[in-house]
Amino acid sequence: MTDLQDLYQELILDHGRRPRNFKPLDAPSRTAEGYNPLCGDKVKIYVKMDDDVVEDVSFEGSGCAISTASASIMTETLKGKTRAEAEVLFHTFHDLVTGQQAQLDAPELGKLAVFSGVSEFPIRVKCATLAWHTLRAAMNGDGEVISTE
Amino acid sequence: MKAKGGLLASEKTTDALHFDVDSIRADFPILNQMVHGKPLVYLDNAATSQKPSAVIDAMSRYYTADNSNIHRGVHQLSERATKEYEEARVKVQGFINAAHSKEIIFVRGVTEAINLVANSYGRANVKAGDEILITAMEHHSNIVPWQMLCEEKGARLRVAPINDKGELILEEFESLVNERTRLISVVHISNALGTINPIQAIVEIGHRHNLPVMIDGAQAAPHTAIDVQELGCDFYAFSGHKVYGPTGIGVLYGKADILDAMPPYQGGGDMIASVTFEKTTYNTLPYKFEAGTPNIAGTIGLGAAIDYVNQIGLERIGRYEDELLAYGVAALSQIPGLRLIGTAKEKAGILSFVLEGIHPHDTGTILDREGIAIRTGHHCTMPLMERLGVPATARASLSFYNTKQEIDSLVAGITRVKEVFG
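Chains as they are written, first to last, in my numbering: chain D, 1 to 149; chain P, 1001 to 1422.
Just so you know, the hints here were simulated from the structure itself, not pulled from any lab data.
The structure presented is a predicted model; accordingly, all values stated were derived computationally and were not measured.
Idealized CB from N, CA, C, for every residue including glycine.
Misleading hints may appear alongside valid ones.
Once the Cα atoms are required to be at most 30 Å apart in a straight line, the calculated BS3-like pairs of lysine-lysine come out as [said to hold, decoys possible]:
{"no.": "1", "chain 1": "D", "residue 1": "LYS23", "chain 2": "D", "residue 2": "LYS79"}
{"no.": "2", "chain 1": "P", "residue 1": "LYS1083", "chain 2": "P", "residue 2": "LYS1255"}
{"no.": "3", "chain 1": "D", "residue 1": "LYS23", "chain 2": "D", "residue 2": "LYS81"}
{"no.": "4", "chain 1": "P", "residue 1": "LYS1418", "chain 2": "D", "residue 2": "LYS44"}
{"no.": "5", "chain 1": "P", "residue 1": "LYS1165", "chain 2": "D", "residue 2": "LYS42"}
{"no.": "6", "chain 1": "P", "residue 1": "LYS1102", "chain 2": "P", "residue 2": "LYS1083"}
{"no.": "7", "chain 1": "P", "residue 1": "LYS1102", "chain 2": "P", "residue 2": "LYS1345"}
{"no.": "8", "chain 1": "P", "residue 1": "LYS1418", "chain 2": "D", "residue 2": "LYS23"}
{"no.": "9", "chain 1": "P", "residue 1": "LYS1418", "chain 2": "D", "residue 2": "LYS111"}
{"no.": "10", "chain 1": "P", "residue 1": "LYS1038", "chain 2": "P", "residue 2": "LYS1404"}
{"no.": "11", "chain 1": "P", "residue 1": "LYS1418", "chain 2": "D", "residue 2": "LYS42"}
{"no.": "12", "chain 1": "P", "residue 1": "LYS1404", "chain 2": "P", "residue 2": "LYS1165"}
{"no.": "13", "chain 1": "P", "residue 1": "LYS1153", "chain 2": "P", "residue 2": "LYS1127"}
{"no.": "14", "chain 1": "P", "residue 1": "LYS1165", "chain 2": "P", "residue 2": "LYS1418"}
{"no.": "15", "chain 1": "P", "residue 1": "LYS1091", "chain 2": "P", "residue 2": "LYS1102"}
Computed footprint of chain D on chain P; a stretch qualifies when at least three of its residues, placed anywhere within it, have a C-beta under 8 Å from a C-beta of chain D [unchecked claim]:
{"no.": "16", "stretch": "1276-1287"}
{"no.": "17", "stretch": "1379-1392"}
Here chain D stands alone, though its shape is the one from the complex (with noise of 0.2 Å):
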């Protein structure tokens, strides 16, 4: 059972039960939805800019503990960071997530390494990376709903 303890690990517990940053933002720059027609996961992200700095970020939406809590942990690791540290996490997050990097030599992932046993689930990628698909979306400005199919 440890791949299942690998996958659920208790801070992706916490996070799913107690998301942070879940609401929406008063006076967002950027808003995108994304959507999972897989399992009905739906999550809108919140983005606030200053500049080229995510001043806050925040979601709303309903989903597994796996997608709830990656949006969450999204959020709080978001914060300060510049666009174009966001979109390295993105890729870094999505290589770790699908198996193709390993969790230690990434530092930057800081609390996003935990999500290291979804590799072990390809089925469950979709819903770790969901909430980082429409951040993308938010922040590319495209406006369209973002669907993992």
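Since chain D is already given, all that's left is putting chain P on it; use the hints.
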């Protein structure tokens, strides 16, 4: 948690005790395997059923010995393939007690059957301002083809409501029928909830208003004997792969006079009597609706599946599955924090549930690691999920090869899910 306190319906139905599930399981080679180090517990039968050796062997035999194209070859192989293909049609005719074998149209599955009726009957008979009536518990396959038709024609899709148990409110259904209604299409047994709809009453309502009634029998065909003549429905559809046959083959039954009056759905070979560049004469039923080389092996496999089901008997299958369902409902109801979704009085083989504070998707992943295969999500019934106020459910769906021990495993697995989530 042990599910020992479950209802023992078997004590009342002694015949069901003679249902030899061990020997039945031996007919399904796929069941005998380990998943993540645990014995496979396959409870995703509403998505697709497993196939008995008889079906696998029939398809293998066809490809090994008889493979060729049908209806046109003058050679021996083609003659044999044609004979087997047409024999399967007669088996289907018997399976649903249709009056004529030409009323059996082979399609890919229920989805294609409904699309056929929407495109052929629907486009010929539905105009701007007309209405089509369905229910709130339909699968997307019995919603979207009608939506597409309505959009094209400027018609309106009406949806009859359900109550909180997941039962159709028949009075409201009838009150939605009016002079603009052109067709009724209703699911026989709900794939997400297991609700058995009162289709006999629905057909009578339709016919009182001179409306054709289509029934989506995808979940019903594996559980209950169907008699389309007694039922009187105008169209009935089911999928081979849910009734222990292969994927990619299904059936549209239609009354001959209605099918005769309908324009073809697809054009091509086999559906024509003669073709010139000026004019094509269409073939007779059922070939008018079977353009192109069909799924011959799949059809033969479906025929073998029907033989297999008949040999066990749908009545015995239904009785055993009802007993399993009662056992499962009793066992799951004892789990704190578990809520069954869909508690219709008339219900078949489906245990749809949610666990407090745990998303069904997480439930499914943890059960999978226990070797238990269930479905999680919206079950292609997103409007239904919205009506019931849940984003998704976990669904265990039963077949006659499942056992009470497997339901005990499910209960133990759900207990494990709750442990992981503390």
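Index of numbered hints that the structure contradicts, given in increasing order
7, 16
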